[in-house]
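Just so you know, the protein sequences line up as chains W and U, in that order. The numbers in our numbering rise by one with no breaks, and the one at position 285 of the first sequence is 265. The numbers in our numbering rise by one with no breaks, and the one at position 181 of the second sequence is 161.
Treat the hints with care, as some may be off.
Any copy, or any two copies together, can satisfy a pair, since identical chains are not distinguished.
Unchecked claim - The list that follows gives simulated cross-link-like pairs (lysine-lysine, DSBU-like), each with its CA atoms no further than 30 Å apart:
(1) K91 - K6
(2) K86 - K33
(3) K156 - K21
(4) K163 - K21
(5) K21 - K197
(6) K234 - K21
(7) K155 - K91
(8) K91 - K234
(9) K21 - K155
None of these hints come from the bench; they were simulated from the model.
2 protein chains.
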Amino acid sequence: MAKMNKTDSPRLVDFSAQYKRLLESKMRESVNRLPAPEILKDSMLYSLEAGGKRIRPLLLFATLDAFGKDPEMGMWTAAAIEMIHTYSLIHDDLPSMDNDDLRRGKPTNHKIFGEAVAILAGDALLTYSFQMIAETPDQFVDAAGKVALIRHLAEAAGPQGMVGGQTADMLGEGKKLTLDELKYIHEHKTGKMLTYSVTAGAIMAGADEETIRKLEKFSRHLGLAFQIRDDILDLEGQEEMLGKRVGSDESNQKTTYPSLLTLEGAKRALDEEIALAKKYLVETGLSTNLLEEITDLVANRNN
Amino acid sequence: MAKMNKTDSPRLVDFSAQYKRLLESKMRESVNRLPAPEILKDSMLYSLEAGGKRIRPLLLFATLDAFGKDPEMGMWTAAAIEMIHTYSLIHDDLPSMDNDDLRRGKPTNHKIFGEAVAILAGDALLTYSFQMIAETPDQFVDAAGKVALIRHLAEAAGPQGMVGGQTADMLGEGKKLTLDELKYIHEHKTGKMLTYSVTAGAIMAGADEETIRKLEKFSRHLGLAFQIRDDILDLEGQEEMLGKRVGSDESNQKTTYPSLLTLEGAKRALDEEIALAKKYLVETGLSTNLLEEITDLVANRNN
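Just chain W, same shape as in the assembly:
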């Protein structure tokens, strides 16, 4: 099939709008139906509905599409992924963690509901995410598939994945990190869940091991690109706000790709990661035009 580029294919825009809408109503309905204290549900929904790019669910839907599968079969797992992502933001924002008052321009969960409810809403979302996968109708994923999805989710989100990365991030605060340490943090704190979003789609589609390995490599490079772009945006944003060039280690104590590689070096690293991601994508031989569009989006995004 002919490869499309962004200008002649607005497919991702429609695809993204359609499945974001379906996902958001699935999450809302799933929380609303719970027999649970209203304040807990309000707190869960407040953060679930705070917006965001929904990049992880989108990766899952686009991966199913690449295998020629109906993306809707991934709705339960997509909701689980977004619930895990959301819980991690709620807990990361707590006073004893990053102590953030605002996220995406809105007060953080604990500023509205208090710390106790925010912790519990995070716990509730994390727990509920596994139930979501277990509740996928059997015609979409059989029991063995669900067990695989759950095991991989726990690995990606738990101590050997996201929680481990967040721990390393906390420990590294205020310290000068090496490039390897910085990569460890990102590959765990954000990378594992991005990779899971892709491999979960492949598992559901019944992909062979070799294709799964290639998709894992694709998503690992995509995840690093995502993080490098984040660091570049942060730096350029600071410069814009301050109206002058910011030396990265002056700005705050945080080690970033630009602080280790210079801004130009970070931009080169970003290009390299994007090129590698696309290389592995092509190697799969799947209909990956949506995944390529997402990759371009990550490389060029402005927020």
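Using the hints provided, position chain U relative to the given structure of chain W.
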């Protein structure tokens, strides 16, 4: 088979010692093998190894025994249950929740590791618990069984179970509760996980729906008995410490069974719950001598 009573059957003592030992080494080994930051593993193990009665795993093992099954097949689920219980204690003890400095005579997790690591260790244990069940060898539980175990665990531990109960408990603090409100809190905060410990064994043993319903009723009454006994012990402990009779509502703002029913009324309620628990146990027609011994232990325990 002849019914045994506590004096002529020390079976629970040996059974309990044997499976507690196996469980504790299973949990230690499962955490130690994780490729994760050492401080996170230390924090997880600190609370996992802080002792405790292991009443929930014991209920699971004894239920498998009642069906004539090898209790060891429940080891992964038992570890999951104890990890969930442990994470809930770590989060409940946090400054923004119950703000406890000591648990079982030892400093609480956040007093040793700091709040951030304590929150993350709780998140890690919660996440890892689902992986434990997913990793049960297939010869013990097939994929459909694992999905059922995971779905029920999420229901028992999440917003419609333990987390919902903890939320209601926080909201009720300092307020005078009705007996129905108090029951709601206990049935969710502690009851659902006790019930799960029994029904998980029944699911693994392939029990029919009717037997599962009876075991659910057994464990619901056992759970209430457990909580009433807790409240009675608290009150008697306070009286002993103060060397005088304590009017329950003077002591602190917390609504308890004795504060609602008087001490004598609470003791009668305890006897009634124990009698109902045993009635449903007998109705199952299973070899329930270990479960009966656990029930007597709950009724008579002194700590």
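Contradicted hints - numbers only: none
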